[in-house]
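A.B. asks: The residues making up each chain are set out below.
Protein chains: 6
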Amino acid sequence: MLSTLIELQRLKRLDRTGWTLRGLPNGTESVAAHSFGVCVAAMLLADELLAKGVAVDVEKVLRMALLHDWAEVRVGDMPRIATAYFGADARKQAETRAFVDVVSDLKRDLYTALYEDYEQRTSLESRLVKAADILDLLVQLLALERAGARGLDEFWEVAKNPNFQLGDVADGIVRDVFQAVLQARSEIA
Amino acid sequence: MLSTLIELQRLKRLDRTGWTLRGLPNGTESVAAHSFGVCVAAMLLADELLAKGVAVDVEKVLRMALLHDWAEVRVGDMPRIATAYFGADARKQAETRAFVDVVSDLKRDLYTALYEDYEQRTSLESRLVKAADILDLLVQLLALERAGARGLDEFWEVAKNPNFQLGDVADGIVRDVFQAVLQARSEIA
Amino acid sequence: MLSTLIELQRLKRLDRTGWTLRGLPNGTESVAAHSFGVCVAAMLLADELLAKGVAVDVEKVLRMALLHDWAEVRVGDMPRIATAYFGADARKQAETRAFVDVVSDLKRDLYTALYEDYEQRTSLESRLVKAADILDLLVQLLALERAGARGLDEFWEVAKNPNFQLGDVADGIVRDVFQAVLQARSEIA
Amino acid sequence: MLSTLIELQRLKRLDRTGWTLRGLPNGTESVAAHSFGVCVAAMLLADELLAKGVAVDVEKVLRMALLHDWAEVRVGDMPRIATAYFGADARKQAETRAFVDVVSDLKRDLYTALYEDYEQRTSLESRLVKAADILDLLVQLLALERAGARGLDEFWEVAKNPNFQLGDVADGIVRDVFQAVLQARSEIA
Amino acid sequence: MLSTLIELQRLKRLDRTGWTLRGLPNGTESVAAHSFGVCVAAMLLADELLAKGVAVDVEKVLRMALLHDWAEVRVGDMPRIATAYFGADARKQAETRAFVDVVSDLKRDLYTALYEDYEQRTSLESRLVKAADILDLLVQLLALERAGARGLDEFWEVAKNPNFQLGDVADGIVRDVFQAVLQARSEIA
Amino acid sequence: MLSTLIELQRLKRLDRTGWTLRGLPNGTESVAAHSFGVCVAAMLLADELLAKGVAVDVEKVLRMALLHDWAEVRVGDMPRIATAYFGADARKQAETRAFVDVVSDLKRDLYTALYEDYEQRTSLESRLVKAADILDLLVQLLALERAGARGLDEFWEVAKNPNFQLGDVADGIVRDVFQAVLQARSEIA
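Note that the protein sequences, when read in sequence, are chains A, B, C, D, E and F.
Each residue of the first sequence is one higher than the one before, starting from 127 at the first, in this note's numbering.
Each residue of the second sequence is one higher than the one before, starting from 127 at the first, in this note's numbering.
Each residue of the third sequence is one higher than the one before, starting from 127 at the first, in this note's numbering.
Each residue of the fourth sequence is one higher than the one before, starting from 127 at the first, in this note's numbering.
Each residue of the fifth sequence is one higher than the one before, starting from 127 at the first, in this note's numbering.
Each residue of the sixth sequence is one higher than the one before, starting from 127 at the first, in this note's numbering.
Don't take every hint at face value.
Because identical chains cannot be distinguished in the list, a pair is counted as satisfied if it fits within a single copy or across any two copies.
Stated by the list, open to error - Quick list of in silico lysine to any residue cross-link-like pairs, SDA-like style, CA-CA up to 25 Å:
| no. | residue 1 | residue 2 |
| --- | --- | --- |
| 1 | Lys286 | Arg272 |
| 2 | Lys286 | Ala315 |
| 3 | Lys218 | Leu250 |
| 4 | Lys286 | Ser129 |
| 5 | Lys256 | Asp279 |
| 6 | Lys218 | Arg142 |
| 7 | Lys178 | Asp227 |
| 8 | Lys233 | Glu283 |
| 9 | Lys233 | Ile299 |
| 10 | Lys286 | Met127 |
| 11 | Lys178 | Lys233 |
| 12 | Lys218 | Glu174 |
| 13 | Lys286 | Ala239 |
| 14 | Lys233 | Asp183 |
| 15 | Lys256 | Asp173 |
Just so you know, the hints here were simulated from the structure itself, not pulled from any lab data.
This is chain A alone, in the form it adopts within the complex:
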């Protein structure tokens, strides 16, 4: 277990390249800090779904949110545009192979199953974690822009017409939060 913990601890220092490539300081957000944010957003969304009567497996949601970026400790936090050069499928396959290696000492098929579910968006939970992934990005964007950062318009594209195919009730919940972020952004002087 220890060697895996030691390796994953490296995500605490790995910068999210989206920010540094756009001129924000090193240390703006680590992959670990982002994963924390995704877990938080996922738990809050899941509890809202539960409150509205949508069945969701919160343990599965939290496990998946926690491990969805572990492959980056081997392949780095590749910029979004990199996919255009590697190909979406090749990138996914490479990251899956990296993930499998990261957890290989643990001998738990569950982790790989969760990772593949997330990559394929098979389950409701995987699609909810994807929504949380985007939501954490938007909240971080909002915080950066409130603190004075500019030049990040391209990132906001993902907030338009969100459709995570979570069913009518859950999609509505997500849409409302996204709308609230956009509203908060429009109020920045």
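Guided by the hints, dock chains B, C, D, E and F onto chain A, whose structure is given.
C.D. replies: Chains B, C, D, E and F alone, transformed into the frame defined by chain A:
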């Protein structure tokens, strides 16, 4: 939900003061990055317990690990020695009040119940999360010392005679991991 | 003397949490750098008072400005809102106990007397140092906003209706400088 | 020309992930700073070759050293181990496609030709730039270790048995410098 | 050669003081990163000159761009205003002496000759490198302002009425790029 | 007064180049943080002198310690070796001219008189501040080495045979503290 997400996102930038007060650079580890590490350690420990036949509620473990440091967004990451000046009980009460305020918009009693359980170490899950909290500290310490950091001996005290009262099997698992960290440390040149 | 110097040197790295919690980069301002700024502001204010005929003990002002944040090396730079959870009196008492411990090796009652005077705002000098403390905050705020930082409006509240009870002449001097900062801020594009 | 300059300027902030993944602080070395180091090492090596009578095209060497990492502005600074998951050929092809896009506005076939020459190690100059790339890594390693960094042994592997196929004279020059770095390392206390 | 490489590697960490003095974070731009930017701008400008039929020695341009700031490893990156206190000639002479010492182990008169040519702006190539030096500053400024930085107006002064005495064709090329930067700046919201 | 405060606030971000040139991270110590350290060391030394019966003007000591590095906001924190290229006298004269300009708006001859006294080491107080300047350097060195930094031997040279010509009693006090720092260093593993 959004205002809570915005506030918790601040933990991504809040430095763990233990490192900066000992001369390590700003940005060494954020509270959010530490919380990610605790979640990871908690999940791996919980799954090891399950594999060894110890019943543990993983959802509860993950929820608790995720939120155990949320109060710091209001009171900061106080150095350990600060407790000597505020008093252990007064500090816990203040942090609990801060936590209650942080989650007040969410109107979910569950979060406060989990926080109080953690603070009181009532459940097995709360004691397991505490073990994970210490384990993440040790793994971070090991990583820093492997990278050349020195002068952190005082932190290693917590690794001695760990007793988290998890029952014989679980305590044995935790003790083995702690032993492995100490062994790895002794091999640093 | 050495052990005290070694401990106080830690303030050079301790971030002022007000900035990092609002999304500014780690390293924006250390407690030591802020203390330097308070000393500078205090000396310039004191010399202006002297020039206008107000008697003020500059040595006392400088000593007090220099040591007013030493307790933070033990309790950290707590966010302002933390006071709501600990209670103003309990916080002051804890910080005073911390200060006493920080300087205990020096065996100089003078330092503790100056600290308590500052905390109680007993003397003219202590109130002048408080004015300098706020002035340095405003100048730092102005510098950050000129460099592009935003979202710091709440900090500017302290600049409104300053009344440090320094007597008419001295209050007028402080009010003029505060007015000049606000004017400079209004000119930021 | 401007859009290309704006994009390449981003390399000034992009961290070399080798360091951050091993626990060194963000900002340890940017890709731009590394490219500067490779240019310097390449020029000094080339001038030494010239002095020893080996014909080398210095303009070509400097152009190639300057542009050899430009693709990273699109694909990031991938950790070495990432190659195991993407495949060496697929990675090279993706990076070449990225490079072609980076320089596409300039409409200069020369740049792509130099990049491909470097990737294929076709010319003496390309192999000399590769030697300079490794030499800058070693000098950076030495500087980090002299400053107290540890845990970087794996990087030193590249210094063993260097063979850049530059011909006897030039290989001897490179071997001597590498030997000097190893010697300097052995003298670190 | 090694001792020179070790010393020059220090430029990777030396901050350009222009940014930090104006409130931008440490690590905004190192001298090495700037030198990389100047080399890139110089190569692109030189190739544009060649394409338009202006004879220019690209090897000389690249060598000069690469080494033009090496003296700073001994005298630091002095703020522009420092020249007013040291005197322009005294500053140049001191920097030249520092440069000579930096390269003294290499025993290559060429480097000193290139440095002096650059300082005196004797050749077309030296004037082109100066244009590239300013162009990199402008591109960095543009990137910082696009990312939200403000308060940098004074730096833009250098973009007005550029006249590098490169001859009509080359001056026109440089003027067009400068104009494009100013245009891009005017489009920042 | 405000324009002077705004300018001096810049020292909070200006790195001490001695550290960054030796491979320590940006942000290791600002000029403002160092000045805070010198003020602290100066006050503690002065109070020790008073306790041992040596007459010393503490107000003068604190004023001088506070302003002794203000010129750096105009000329930067030049590396020690830079003096060899500018000449010690020329450097002092330039820095004095810079200091005079920094404080010119304040119209207080006292500040310039204190600065010149410090530069000339005329008074006992100026020599005591110099001792405090070195003492703060040693304490910072010790803290960095305890935290794992290496390669800083050259800085320790200043601790050998300290002779600040403070008179027998005061020299003895300073020598004892220096000896204690050296002793503490020798105990670093």
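A.B. asks: All hints are to be evaluated individually against the structure, with a verdict given for each.
C.D. replies: Results of checking the hints against the structure:
no.: 1; hint: Lys286 <-> Arg272; verdict: both (20 Å within a copy, 23 Å between copies)
no.: 2; hint: Lys286 <-> Ala315; verdict: both (21 Å within a copy, 21 Å between copies)
no.: 3; hint: Lys218 <-> Leu250; verdict: within (20 Å within a copy, 37 Å between copies)
no.: 4; hint: Lys286 <-> Ser129; verdict: between (41 Å within a copy, 20 Å between copies)
no.: 5; hint: Lys256 <-> Asp279; verdict: within (20 Å within a copy, 34 Å between copies)
no.: 6; hint: Lys218 <-> Arg142; verdict: both (18 Å within a copy, 23 Å between copies)
no.: 7; hint: Lys178 <-> Asp227; verdict: between (39 Å within a copy, 23 Å between copies)
no.: 8; hint: Lys233 <-> Glu283; verdict: neither (39 Å within a copy, 30 Å between copies)
no.: 9; hint: Lys233 <-> Ile299; verdict: between (37 Å within a copy, 16 Å between copies)
no.: 10; hint: Lys286 <-> Met127; verdict: between (41 Å within a copy, 19 Å between copies)
no.: 11; hint: Lys178 <-> Lys233; verdict: between (37 Å within a copy, 14 Å between copies)
no.: 12; hint: Lys218 <-> Glu174; verdict: neither (30 Å within a copy, 29 Å between copies)
no.: 13; hint: Lys286 <-> Ala239; verdict: neither (30 Å within a copy, 36 Å between copies)
no.: 14; hint: Lys233 <-> Asp183; verdict: both (23 Å within a copy, 21 Å between copies)
no.: 15; hint: Lys256 <-> Asp173; verdict: both (16 Å within a copy, 24 Å between copies)
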